[in-house]
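Visitor: Each chain is listed here by its residues.
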Amino acid sequence: MTDAVTDQNEAIFVELVANSWRRHAEMTRNTQTDDLLVGAIVASSVNQGWALIDLGSDGRSHLLRFDHAASRTRLVVEVRSLAEDLATAKVLGRLANVEIGFGMRVDNFSQVFQAVKTEIKSALLVSTEPGVITVDGDLSTGYVYAQITLMVDLDEYLTGPLAVDYAKLQAHIGAVVHSLNKYLRGRLGL
Amino acid sequence: MLKKLMDFANSREMRESRDEMVVGELVLAMAQMGMPATRFLAGADAQQVRFSTPHDPLLHNIAVIVDRKTGGGALSEAVIGSKAVITVTAEIKNYLADPDDLVGMWRTDFANITKMPLLGQVKLDHQLNSVLATKKLIIELNEYIGDPAVARPRLVGLLQATIAELSQSLAPYKKHSPFEVDG
Chain A
1 MTDAVTDQNE AIFVELVANS WRRHAEMTRN TQTDDLLVGA IVASSVNQGW
51 ALIDLGSDGR SHLLRFDHAA SRTRLVVEVR SLAEDLATAK VLGRLANVEI
101 GFGMRVDNFS QVFQAVKTEI KSALLVSTEP GVITVDGDLS TGYVYAQITL
151 MVDLDEYLTG PLAVDYAKLQ AHIGAVVHSL NKYLRGRLGL
Chain B
191 MLKKLMDFAN SREMRESRDE MVVGELVLAM AQMGMPATRF LAGADAQQVR
241 FSTPHDPLLH NIAVIVDRKT GGGALSEAVI GSKAVITVTA EIKNYLADPD
291 DLVGMWRTDF ANITKMPLLG QVKLDHQLNS VLATKKLIIE LNEYIGDPAV
341 ARPRLVGLLQ ATIAELSQSL APYKKHSPFE VDG
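So the sequence lines, in the order shown, correspond to chains A and B. So that you can map any letter, position 1 of the first sequence is 1 in my numbering, and since no number is skipped, the others follow by simple counting. Quick note: to get my numbering, add 190 to the position in the second sequence (first position is 1).
Derived from the structure by calculation, the hints contain no laboratory data. All values reported here derive from a predicted model rather than from experimental measurement. Be a bit skeptical, because a hint or two may be false.
Unchecked claim - Straight line, CA to CA, 30 Å or less: simulated DSSO-like cross-link-like pairs of lysine-lysine: (1) B:Lys194 <-> B:Lys313; (2) B:Lys273 <-> B:Lys326; (3) A:Lys182 <-> B:Lys273; (4) B:Lys313 <-> B:Lys259; (5) A:Lys182 <-> B:Lys194; (6) B:Lys313 <-> B:Lys325; (7) B:Lys313 <-> B:Lys364; (8) B:Lys364 <-> B:Lys326; (9) B:Lys194 <-> A:Lys117; (10) A:Lys168 <-> A:Lys182; (11) A:Lys117 <-> B:Lys326; (12) B:Lys313 <-> B:Lys273.
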């Protein structure tokens, strides 16, 4: 075999291995996009003064709960990936159901109890569709939550394979929190 | 009376959440060092987070496990504090490997038999095309939460020192190749 043929074969081999790693990386990145956004939510929230007090994750469904001691408010974010499979992600986009809840401490027990009664009504109206605000109350800690489910394309928050658009992410979470806060205050008559 | 019960429940919840608070600070610290979290696995007993290292020419990723051991109750926290075992594992990946590479690593596997990770020693583990270095540390959770001006630099210092030590252990095993991809 001549040197030229040997070089050519080696070049093809190197290209095949390189392409294999590129495809493997693409599949890996697809499954970790939801985790990347969850990490960005944690980092930006902690940086803004929220303390992470609850973390649950099985790699596909993630639950975060934050506490803001000074304002006695809480933030709950649940992210459920709908596109762990690369084919689904390529056809529909990297979609995820994101449930955002905003809670505030209410010392008036009857208001918490009223919210819990509303929670029971909310449970009867469970919907898989987005845009429905539900109310939840935690009798033990005195927090009342308003929450909403949204469907988002995770790629909208990425500026590169491992780079997150923090400004956009914070602006969107801030807008949802603002609306839920307003709703909850109106509901509780605060 | 009900308000007092709620206050008690809140303080208990905050005490039980110290390990999650440290995980939150950890994710922020690593993100600020250019290592975003790309994998979460968390249950009631321990939290595991994996971080990608896109700007590090040596490491492929870093995994951190926070496993709380004490301080869940008010009494145990007052007596022995909120202790947790933090396990930091750094991984390098060799993008072209064959079984002879693994056979050639028997010396470090043999040396690992006598190593105790809990004493702060670095333990190496060879996979077919990955080499992992692990170090375990026992920390007091309260030292890494609270005033951000004090706690955050302390956590960053701990992470940087640990990652540097693990990188140093792994460096001899890295085979650079044209196939590098960010993990």
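Visitor: With reference to the structure, classify each hint as holding or not holding.
Guide: These are the hints, each one checked on the structure:
1. B:Lys194 <-> B:Lys313: Violated. Lys194 (chain B) to Lys313 (chain B) sits at ~49 Å, over the 30 Å cutoff.
2. B:Lys273 <-> B:Lys326: holds (13 Å)
3. A:Lys182 <-> B:Lys273: With Cα atoms ~40 Å apart, Lys182 (chain A) and Lys273 (chain B) exceed 30 Å; violated.
4. B:Lys313 <-> B:Lys259: OK: Lys313 (chain B) and Lys259 (chain B) at ~22 Å, within 30 Å.
5. A:Lys182 <-> B:Lys194: holds (27 Å)
6. B:Lys313 <-> B:Lys325: holds (7 Å)
7. B:Lys313 <-> B:Lys364: Between Lys313 (chain B) and Lys364 (chain B) the Cα gap is close to 16 Å, so the pair holds against 30 Å.
8. B:Lys364 <-> B:Lys326: Judged against 30 Å, a Cα distance of about 22 Å means the pair holds.
9. B:Lys194 <-> A:Lys117: Within the cut-off at roughly 22 Å; holds.
10. A:Lys168 <-> A:Lys182: Measuring from Cα to Cα gives roughly 21 Å; hence the hint holds.
11. A:Lys117 <-> B:Lys326: Given that 30 Å is the threshold and the Cα spacing comes to 47 Å, the pair is violated.
12. B:Lys313 <-> B:Lys273: OK: Lys313 (chain B) and Lys273 (chain B) at ~22 Å, within 30 Å.
The structure fails to meet hints 1, 3, 11 from the earlier list, while all remaining hints are met.
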